[in-house]
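Residue numbers (the numbering used here), protein chains in the order written: chain B, 33 to 345; chain X, 871 to 1180.
These are computed hints drawn from the structure, not numbers from a lab. All of these numbers come straight from a predicted model, not from anything done at the bench. Do not take every clue at face value.
Sample of chain B residues at the chain X side, in silico, Cβ under 7 Å [unchecked claim]:
(1) F105
(2) R107
(3) I134
(4) L323
Each residue gets a CB set at the ideal place from its N, CA and C atoms; glycine is no exception.
Take a look at the letters that make up each chain.
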Amino acid sequence: MAAAAQPGSPPLSVVLRGSAGRRRREQIIRAIFFGAASLSILVSIFIVLSLIFEAINFLAQIGLDQLVALGWFPRRGLFDLRTLFVGSVITTGIAILVAGPIGLGTAIYLSEYAQPRVRRIVKPILEILAGIPSVVLGFFALTWINPQLVQRLNPGAEGFNLMAAGIGVGVLIIPLIASVSEDAMRAVPRSLREASYGLGARRITTSLRVVFPAAISGITAAFIIGISRGIGETMVLAIAAGGSGGSIFQLNPFEPGQSITAAIAALATGTDQVRGASAAFPSLFFLGLILFFLTLSLNLAGDVFVRRTRQRY
Amino acid sequence: MAGASTAVPAVVVRRSLAGQGADWRGLIFQGLLLLSVVITLLFLFILLADVFSRALPVFTERGGSFLSSSLSSSAARSGVIQGLFGSFVIAIIVVIVAFPIGIMTAIYLEEYAPDTRLTQLISINIRNLAGVPSVVYGLLGLAVFVQLLGPLTGGRSVIAGGLTLAVLVLPIVIITSAESLRAVPQALREAGYGIGASRWQVTRSLVLPSAAPGILTGTVLSLSRALGETAPLIVVGAVSGYFSTGNASTVDQLFGRFTALPMIVFNWAREPQQSAFGPLTAAAIVVLLLVTLSINAFAILLRNRFEKNW
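Using the sequences and the hints, build the whole thing.
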């Protein structure tokens, strides 16, 4: 105090503010970082704008009755949305039926049963599986899953079908469901498990009746994110589900079909031709818009569940 | 009494604690869990074995010429050099565009941003962008980089494709970088401020060096993700047949028709697999997997080498 009050030295508040040059530099750096951060908002705005603009263009060009037809054949003016919805729902349903039990089983094993040594080996292998591009899984679904699994169980299955594609998507989301569920279960405090063992519960009881319910929010989130990934997956369906020129409305998973994503890919393959067919080109963006809001709502729901887990512990 | 209780053998105690008889339910449950792990590993193993065995004839017969030839209508003369070039350019664009913007955004959110509505909006928005399907990014690229900025990017060019993929991985770069920054202990920052360092000085000299390994791992993993993406390239308009690069200069190739490794896989996978393009598809997949998996392995090595436990 005595030193600060000495005549000739500036008040303390001024000293702490530093030189004007230093402050200006700090502010410029801050502004640059803020600029980078706001770019991400710009990306979202551009996505929504570019989708909405062409989607309205599409709806203006066709009659709404064209949205229900024999099938999805955009180049012939048949825009049956049911065909694509059914394709997406069937394949995503199959994918969850495959990846749900396997992913959850893997997660429970890694979190509750595995020795640290086993975990150290299995986790990186899961990461490798997660890192395999989806175009590769599409090829695998077409050339191995279909002939070796699907057509063995049902010899009547077509060369391209929704079942093989669905299983392929399932393999793709196993690592996702496994890792998100495992994180949720490992976040359950040790004391809960110890209390359960202290009461004489076995490992199966502790896993299923204590850890599983405590982690249910995170596990639900894993399934929601898995569904969202399944609906958004493009390449496996574009390669293994068939229907590259379009698809008629049908509900049989052993027949070829088309999903929302695969329809976009099929239409865009050689987009030059699409430019000719007037309503076909903007239909790309209409489908994109549906896909965007579908996955957005699923992701928001998943986010809610993820945050609920974080608040608890 | 005390003497009697110590006389009970440990085996008896253990057995009575474990309950009478074998726990069949528990054993079956554990067996099912193990089965799910085995199925997962088996899928990966079969996939790799199947693809490599299909691809082997191509590599033994063609050798290096498969890597150095251009696309062609004849399977015997087709190669992936144009795909390697396209993927290389895409990688450079992702590194130049997505990495700096992503890391700067993460620094802003973790080190600078006040806890306001705007900040919350930005971070919610980034989490949602990470979940947008890749094919939708393709539509963004088609509308913005191909049509709107066509005069600058050359339209359906590798530059438009690379920029699209850079935008696609941006949220992943931001999220992984922000996680690494968050893991740096607050005490380190406080020590910096304590000796009079400014926010930027603290960030640059204390926080970033500590978070660098984590940031590097996350960004490298996102690069591998970008190189494996196909759907956005289809929509942006990568060539879906074969094309000739001829004697075009590098600049012409940057602004002209393009392809990339995963795009070549997709095109050949659409050919009848009984034809000569079947093994060729598998061979292209092997090249693609070698690129993406070696980048992944590099990132995991980095993480294990530099991982810090505070």
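Does the structure break any of the earlier hints, and which numbers would those be?
Hints 1, 2 are the ones this structure does not satisfy, whereas the remaining hints hold.
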